[in-house]
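Residues per chain are reported as follows:
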Amino acid sequence: MSSEDPLFDYTLRLGDSCIVLAQRISEWVGHAPILEEDIGIANIALDLVGQGRLWLDLAGEIEGQGRDADALAYHRDAGAYRNHLLTEQPNGDFGQTIMRQFLFDAWYLPLLKGLSQSNDSRVAAIAEKAAKEASYHHARHTDLVISLGDGTEESHDRMQAALDVLWPYTGEMLTADKIDGTLCEAGTAPDLAGIEQVWNDHVSKTLTAATLTQPESNFMQSGGKAGRHSEHLGFLLAEMQFLQRAYPDAVW
Amino acid sequence: MLSGNPAMAQADTIPTTDMIWSWLKAVPDPEIPVLSILDLGIVRNVHWRGETLVVTVTPTYSGCPATATISLDIETALRDQGLTELAVEQQLSPAWTTDWISEDGRRKLRDYGIAPPQASAEKVPCPRCGSTETERVSAFGSTPCKAAWRCTDCLEPFDYFKCH
Numbered sequence: 003m004s005s006e007d008p009l010f011d012y013t014l015r016l017g018d019s020c021i022v023l024a025q026r027i028s029e030w031v032g033h034a035p036i037l038e039e040d041i042g043i044a045n046i047a048l049d050l051v052g053q054g055r056l057w058l059d060l061a062g063e064i065e066g067q068g069r070d071a072d073a074l075a076y077h078r079d080a081g082a083y084r085n086h087l088l089t090e091q092p093n094g095d096f097g098q099t100i101m102r103q104f105l106f107d108a109w110y111l112p113l114l115k116g117l118s119q120s121n122d123s124r125v126a127a128i129a130e131k132a133a134k135e136a137s138y139h140h141a142r143h144t145d146l147v148i149s150l151g152d153g154t155e156e157s158h159d160r161m162q163a164a165l166d167v168l169w170p171y172t173g174e175m176l177t178a179d180k181i182d183g184t185l186c187e188a189g190t191a192p193d194l195a196g197i198e199q200v201w202n203d204h205v206s207k208t209l210t211a212a213t214l215t216q217p218e219s220n221f222m223q224s225g226g227k228a229g230r231h232s233e234h235l236g237f238l239l240a241e242m243q244f245l246q247r248a249y250p251d252a253v254w
Numbered sequence: 042m043l044s045g046n047p048a049m050a051q052a053d054t055i056p057t058t059d060m061i062w063s064w065l066k067a068v069p070d071p072e073i074p075v076l077s078i079l080d081l082g083i084v085r086n087v088h089w090r091g092e093t094l095v096v097t098v099t100p101t102y103s104g105c106p107a108t109a110t111i112s113l114d115i116e117t118a119l120r121d122q123g124l125t126e127l128a129v130e131q132q133l134s135p136a137w138t139t140d141w142i143s144e145d146g147r148r149k150l151r152d153y154g155i156a157p158p159q160a161s162a163e164k165v166p167c168p169r170c171g172s173t174e175t176e177r178v179s180a181f182g183s184t185p186c187k188a189a190w191r192c193t194d195c196l197e198p199f200d201y202f203k204c205h
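Protein sequences, first through last, are from chains A and B. If you're matching positions, the first sequence starts at 3 in the working numbering and goes up one per residue. If you're matching positions, the second sequence starts at 42 in the working numbering and goes up one per residue.
Hints are computed from structural coordinates only; laboratory data are not their basis. Here the structure is a predicted model, which means the values were calculated and not measured. Backbone N, C-alpha and C define an ideal beta-carbon position, used for all residues, glycine too. Among the hints, a few may not be true.
Only pairs whose alpha carbons sit at most 30 Å apart, straight line, appear in this in silico DSSO-like list of lysine-lysine [said to hold, decoys possible]:
1) A:K134 x B:K164
2) A:K134 x A:K207
3) B:K164 x A:K207
4) A:K115 x B:K164
5) A:K134 x A:K180
6) B:K187 x B:K66
7) B:K66 x A:K134
8) B:K149 x A:K134
9) B:K149 x B:K66
10) B:K187 x A:K115
11) A:K207 x A:K115
12) A:K180 x A:K115
13) A:K134 x B:K187
Sample of chain B residues with no beta-carbon within 10 Å of chain A, all distances over it, derived [claimed, not checked]:
14) P69
15) D114
16) A118
17) L133
18) Q159
19) S179
20) K203
Bound-form chain A, shown alone (with noise of 0.2 Å):
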């Protein structure tokens, strides 16, 4: 079947964005502003490794082609990822990247607990594990956005800054697009209506805790989707590629 079936695209674009956001926030590992929160930050990339190679397992699977997770994650080069912009994204100061796990998290949970209903008992199941693992963060990053947005004048200020730079990236993750609906009229995946309306009521009434302003701007970026990235995508995956393309197939 390979890649004409929209499922094998589906599962790419999760694959990358928890592979991507994990390498990102990889990037935290020994810097964070204090040791809780390094070890904090280092778990949750851990959780979306193991979670993004569930998912590009699976779309290798369905591809059909004999590539696994480390082939899809090594062997592809920008053009051919599939995650959303938002989580490539630098990852700024601390603030800042706590409010791009927060704005990822308040869909991708959502889109989880839908995904675990899929007819597609491969995806019900990796959906279910995930959501377990996911709703753990989605409480930190909540938690973390209220406390430091509705914290000191910098603090305040850092947070609303950041999501001013990061709001024009999350309308991509909550359009449909071809693929989407293909699969939620086949019943494999949930209708993102249904999420963008959670993704909405959690955001707005986090932001109101966190006496943060929403943009008002309806500008979105897209193109992640469809392998069309920002100039950061690259970057991240030379230095996430670098081992297996200096050295092709070593092995652990």
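With the hints as your guide, set chain B onto chain A.
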């Protein structure tokens, strides 16, 4: 192979699944070696598929590096019993939950200095002095399954095996 090994086995008699469960009980968790993998509740099923013994395992956390080690340890333990045709398979659903940790496992965790998962994470008793005057330092800890806590009575820090 040493003589007297109960499972010169595979050649003569096929070991019962009860015997296999008892061998698995001796396989420790690589991160928390006081716990066996059965205490942890991650072995879902043991059955014969033709000549091959299939052990089905549910991962604790999807990124837990111990998962690969556990599969290898299971294989090694069963090979030591003389079994040669083995498959360790992963099953994701139903997802592993800390409810599957045995009573024995909870006691062993406490004795080892790790507070076992609590239905209500508000009051986690200190595994050293038993006081409930404790506080969470961080929702995350030294491995994916643990959080960092501290006792305000005996002042000792401790790991809490978080509910999952």
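Here is how each hint holds up against the structure:
Between A:K134 and B:K164 the CA atoms are separated by roughly 22 Å; this keeps the pair inside 30 Å, and the hint holds. Straight-line distance between C-alpha atoms of A:K134 and A:K207 comes to about 22 Å, which keeps the hinted pair within the 30 Å bound. Restraint check: the Cα-Cα separation between B:K164 and A:K207 comes to about 28 Å, which is no more than 30 Å; the hinted pair holds. A distance of roughly 29 Å separates the Cα atoms of A:K115 and B:K164; the hinted pair therefore holds under the 30 Å criterion.
Proposed proximity of A:K134 and A:K180 is supported: the alpha carbons are some 29 Å apart, at most 30 Å. With a C-alpha separation of about 23 Å, the suggested pair B:K187 and B:K66 falls inside the 30 Å cut-off, and the hint holds. Straight-line distance between C-alpha atoms of B:K66 and A:K134 comes to about 27 Å, which keeps the hinted pair within the 30 Å bound. Taking the CA atoms of B:K149 and A:K134, the gap is about 25 Å. The hint holds against a cut of 30 Å.
With a C-alpha separation of about 14 Å, the suggested pair B:K149 and B:K66 falls inside the 30 Å cut-off, and the hint holds. Restraint check for B:K187 and A:K115: the C-alpha separation of about 24 Å stays at or below 30 Å, so the hint holds. Using a Cα cut-off of 30 Å, the hinted pair A:K207 and A:K115 holds, with the two alpha carbons roughly 20 Å apart. Restraint check for A:K180 and A:K115: satisfied, since their Cα atoms lie roughly 21 Å apart, inside the 30 Å limit.
At roughly 14 Å between alpha-carbon atoms, A:K134 and B:K187 fall within 30 Å of each other, so this suggested pair holds. Its beta-carbon lying about 22 Å from the closest one in chain A, B:P69 satisfies the requirement of being farther than 10 Å from that chain. Distance to chain A confirms B:D114 as a non-interface residue, since its nearest Cβ pair spans about 17 Å, more than 10 Å. For B:A118, the shortest C-beta to C-beta distance to chain A comes to about 22 Å, beyond the 10 Å cut-off, and the non-interface label holds.
Distance check for B:L133 against chain A: the nearest CB is about 4 Å away, which does not clear 10 Å, and the non-interface claim fails. No beta-carbon of chain A is positioned within 10 Å of the beta-carbon of B:Q159; the least distance is around 16 Å. With a cut of 10 Å on Cβ distances, B:S179 falls inside the contact zone with chain A, its closest approach being about 4 Å. At roughly 8 Å, the least C-beta separation between B:K203 and chain A is not larger than 10 Å, which violates its mark as non-interface.
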